[in-house]
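Dock chain one against chain two, each of which comes alone in its own frame, and use the hints as you go.
Chains as they are written, first to last, in this note's numbering: chain A, 85 to 197; chain B, 223 to 392.
Hints were generated in silico from the structure; no laboratory data involved. Honestly, I wouldn't trust all of these hints.
To be verified - Below, computed lysine-lysine pairings styled on BS3-like, alpha-carbon distance capped at 27 Å:
no. : chain 1 : residue 1 : chain 2 : residue 2
1   : A       : K163      : B       : K257
2   : A       : K133      : B       : K257
3   : B       : K257      : A       : K191
4   : A       : K133      : A       : K163
5   : A       : K163      : B       : K266
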Amino acid sequence: MARTPTTTDAFNAVAESSRRHLLDAIGAGEVTVGELVDRLGLSQPQVSKHLGVLRAVGLVLVRADGRHRWYRVNGPALKPIHDWVGSFERTWNVRLDRLDDVLAELKPKEETS
Amino acid sequence: MNTANRHGSATVTLPADREILITRQFDAPAELVFKAWTTPELVKRWWGFGTSEWLVCDIDLREGGSWRYVTREEGGMEVGFHGEFRTIEAPHRIVSTEVFEGFPVEDPDAAAALNTVVFDERDGVTTMTINVLHVAKEHRDAHVDSGMESGMQVSMDRLEDLAVELDRAA
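Isolated chain B, as found in the complex (with noise of 0.2 Å):
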């Protein structure tokens, strides 16, 4: 059991009109993977990038509860999330809003995505996804526009899988 094995292997769908979804499988169980996800020492080690500088790492687990994740990237960028607890069905599911606080609007907290975060055990094997669903059409537009420079989420129908197809096909 090489937990390199499974490098690289997270993948994102688009499976409807404002959803992102990405999966991911852990050679761990379900309680070590929600351990993980949800202790701000551990969140640190995994959630920024290898260069990101932590400034903030907070998060109050309870129903209602709020999480905030700043860091401070090359360069001198803070980058800051933050969101509320809605379900917490330890260690399997996860309901959180989440909002970016960089993104281009006047009332950022009006465009926060709301993310399902499960986690599926079998065999000692844990299947993470993540599903991502935008609450405004407006909002998920002014994604999809930011969505070059900020790499925030975007969700476009069946659109990815069809331009695999004809990559494939040209």
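Just chain A, with the same shape it has in the complex (with noise of 0.2 Å):
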């Protein structure tokens, strides 16, 4: 399955690891450019260009501060990404409390044999 070069969602957006760690670095703060290059030890270039795919997609907001960018990550737009998780959570427990009764009914089985 190829990769186009622009993504176009959030799903797309975080496959790539960098900007995850992007992600993870920026954290529930606000930073500039410059606080990220020390964080994650990448390029102002490569960090510049993350930071382009993650505010196309709108992962990250930014905000002018006189002569300082300041970027932190838009909740919302993890969503998606959350919700996945949820749903995949949400299969699970169906199977799981199922097991529950399986289990219920060997038990008795079990201590009488």
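And the structure:
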């Protein structure tokens, strides 16, 4: 499956590990490009490139303050990913709740045999 | 000891780049959980959905042996998974590969995930963990690409925690 160079949604944008590390490095705060360069040990052009992709899909927001630009993670845009994990968790919960029922039935049998 | 208390208590976390971890406790000894996990007649009762029709449920429980589950879901779609057992330490640990047969690549077998299931019993309660490890980055990325549609595995650092944190903060 060929990846398109431009990503159009949050899932594609975070499929690249550098961009996940970038999101982790921004965390719940607000940071400048310079701080990200320090935290990640990447070059400024690399950080700027990834920030550009993350901004394009709305995962990262920017605020200009004088001569600084402050970047922060846009929580609601991460929601599709959060929802995916939630849906995976629900699938497993359906299975494992049913497994509870199987185990409850097996237990008395094992105890009397 | 009401097993209904544990309903809905499974958790999914993304502990590392290529991993997914599913955790759940059961009010039963490891031996029974292992049995329910590896006996076809029992697997058929919990692994699918209530509406699934079972077409294949084969488990050749030995190292090097294979397993295959195929169900027909509502609407007629057939869903198949298979893999090979790598390590079996009854009743505490099973390592096996898992291939989703509908995976949208030329050779789904090359995109197998490695699943490690552990049953850890303490005072009659068994804690089960399933660690899903994707072998290749491109397959994991393809999983991410197809994640929304197929509900397949995805693995992403600590993004889930971050999403929850930011959701709460919002």
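Status of the hints after comparison with the structure:
1. A:K163 with B:K257: Violated, at about 38 Å.
2. A:K133 with B:K257: violated (52 Å)
3. B:K257 with A:K191: Distance of about 11 Å is within 27 Å: holds.
4. A:K133 with A:K163: Satisfied, since the Cα-Cα distance of roughly 23 Å is no more than 27 Å.
5. A:K163 with B:K266: It is violated: about 33 Å lies between the C-alpha atoms, which goes past 27 Å.
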